[in-house]
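Now for the letters of each chain:
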Amino acid sequence: DAGVIQSPRHEVTEMGQEVTLRCKPISGHNSLFWYRQTMMRGLELLIYFNNNVPIDDSGMPEDRFSAKMPNASFSTLKIQPSEPRDSAVYFCASSRQGDGYTFGSGTRLTVV
Amino acid sequence: AQKVTQAQTEISVVEKEDVTLDCVYETRDTTYYLFWYKQPPSGELVFLIRRNSFDEQNEISGRYSWNFQKSTSSFNFTITASQVVDSAVYFCALSEAGRGGATNKLIFGTGTLLAVQP
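Chains as they are written, first to last, in the working numbering: chain P, 1 to 112; chain Y, 113 to 230.
Since the hints were derived computationally from the structure, they do not count as laboratory data. Predicted model, so just to flag it, every value in this text is computed and none were measured. A hint or two may mislead.
Which bits of chain P does chain Y cover? Going by a derived footprint, with three or more residues having C-beta under 8 Å, they are [unchecked claim]:
#1 82–95
#2 99–105
If the Cβ cut is set under 8 Å, some of the chain P residues that face chain Y in the computed set are [unchecked claim]:
#3 45
#4 65
#5 74
Built from N, CA and C at the ideal position, the CB exists for glycine as well.
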């Protein structure tokens, strides 16, 4: 099992640019989560999906953030336009009916 | 609302000492799950344990042990004979059971940074 796969591992972009983070969950997992980790706010949930349907997006900071899950094997988190305060590590996790939450290696985003 | 509190921000011990990381949680649900994750300096989140609310038995795995007490809403984690490789940030987390077996969100505490000195 390859685990949860996130890409890219590192992203450096200029303020105002669009950023797209990608996640491939573990096959057979029916839930997918996007988290953001910063020193100030710790690990915060942005959005999660059950069976490809968004269930709770109350953690999405503002309209600049959007997430999609077009099928069971792929999800994207998009920031447009990006700002320096979006700099963080973004984690994707997947789960099968709450058995356990497996996290990807994260994407370290730096917006300059 | 669900909440996880890890009051210890940082702990420093010398190798071979025992150390306990505290975790207190809040939830209105009777069915929930508690977790511990380890985040080493490399940054990944490593799953350590999952415990459901109906199982209060303490668990031991090698040098790791967990003490779950519903009466005090605590799920503490003890490392016996700590080693330098145990140095990491440790997160306690809570998930309430979803309806119909659906997965619910995982809420994290703020983490405890454990530094084990040689």
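Outcome of the hint check:
1. Check result for the region 82–95 of chain P against chain Y: holds, 4 residues qualifying (beta carbon to beta carbon below 8 Å, three or more required).
2. With a threshold of 8 Å between beta carbons, the proposed coverage of the region 99–105 of chain P by chain Y holds, since 6 of its residues qualify and at least three are required.
3. The beta carbon of residue 45 of chain P is positioned within 8 Å of a beta carbon in chain Y (closest approach about 5 Å), and the interface hint is therefore held.
4. With 8 Å as the threshold, the beta carbon of residue 65 of chain P stays out of range of chain Y, its nearest partner Cβ sitting at about 17 Å, so the hint is violated.
5. Below 8 Å, beta-carbon pairs count as interface contacts, and residue 74 of chain P has none with chain Y, the closest being about 18 Å; its hint is therefore violated.
Of the numbered hints given earlier, the model fails hints 4 and 5; all others are met.
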